[in-house]
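Asks: Sequence:
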Amino acid sequence: MVESNTRSPQDHPADSTRAPGDEVFSVLADRQRRQILRYLHGSDPPEGIESIADAIEDRHDAPPRRELRIALHHKHLPKLDAAGLVEYAAGDSRVVDADGIESVESHLDTAEDLGGF
921 MVESNTRSPQ DHPADSTRAP GDEVFSVLAD RQRRQILRYL HGSDPPEGIE
971 SIADAIEDRH DAPPRRELRI ALHHKHLPKL DAAGLVEYAA GDSRVVDADG
1021 IESVESHLDT AEDLGGF
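For the sequence shown, the positions run 921 to 1037 when this note's numbering is used.
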């Protein structure tokens, strides 16, 4: 039997080949995640999913509330937490503005200036 020298994506975790900034840009590529970060940066932590959903729902491009809450819980907040930008405790649905938001604030400002917020 001949062994292949080709490795599958599972052989290397994605984070090992990506630069630290890649994850941040990946996270900030989503408009709703940028809105979440803006809201959290201007609020008094901890915040719940309901208050975050209220803030985003006011935007004209927001999905229906139920879809938004599901996306916050299963997609956006865990991704922001994994990137170190917020602390999200899924068990009690609380989000704390981690110090990481300040590290990407200039990127948020740039996105806002470009009209992509």
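Rather than coming from a laboratory, the hints here were simulated on the basis of the structure.
Keep in mind it's a predicted model, so treat the numbers as computed, not measured.
Hints may be right or wrong, so weigh each one.
Said to hold, decoys possible - Lysine to aspartate or glutamate pairs mimicking EDC-like chemistry, simulated, CA-CA at most 20 Å apart:
1. K995 <-> E943
2. K999 <-> E1022
3. K999 <-> E1025
4. K995 <-> E967
5. K995 <-> D1029
6. K995 <-> D1012
7. K995 <-> E970
8. K995 <-> D981
9. K995 <-> D974
10. K995 <-> D1033
11. K999 <-> D1033
Asks: Please go over all the hints and tell whether each is borne out by the structure.
Replies: Evaluated hints:
1. Distance hint between K995 and E943 is fulfilled; the C-alpha atoms sit about 15 Å from each other, no more than 20 Å.
2. For the proposed pair K999 and E1022, the alpha carbon gap of about 17 Å is at most 20 Å, so the pair holds.
3. With a C-alpha separation of about 17 Å, the suggested pair K999 and E1025 falls inside the 20 Å cut-off, and the hint holds.
4. Between K995 and E967 the CA atoms are separated by roughly 17 Å; this keeps the pair inside 20 Å, and the hint holds.
5. As the CA atoms of K995 and D1029 are separated by approximately 23 Å, the hinted pair breaks the 20 Å bound.
6. Using a Cα cut-off of 20 Å, the hinted pair K995 and D1012 holds, with the two alpha carbons roughly 16 Å apart.
7. With a CA separation close to 15 Å, the supplied pair K995 and E970 stays within the 20 Å bound.
8. Between K995 and D981, the direct Cα distance comes to roughly 18 Å. Compliance with the 20 Å bound is thereby established for this hinted pair.
9. Proposed proximity of K995 and D974 is supported: the alpha carbons are some 17 Å apart, at most 20 Å.
10. A C-alpha spacing of about 26 Å is found between K995 and D1033, which places the hinted pair above 20 Å, so the restraint is violated.
11. Between K999 and D1033 the alpha-carbon distance is near 24 Å, which puts this suggested pair outside the 20 Å criterion.
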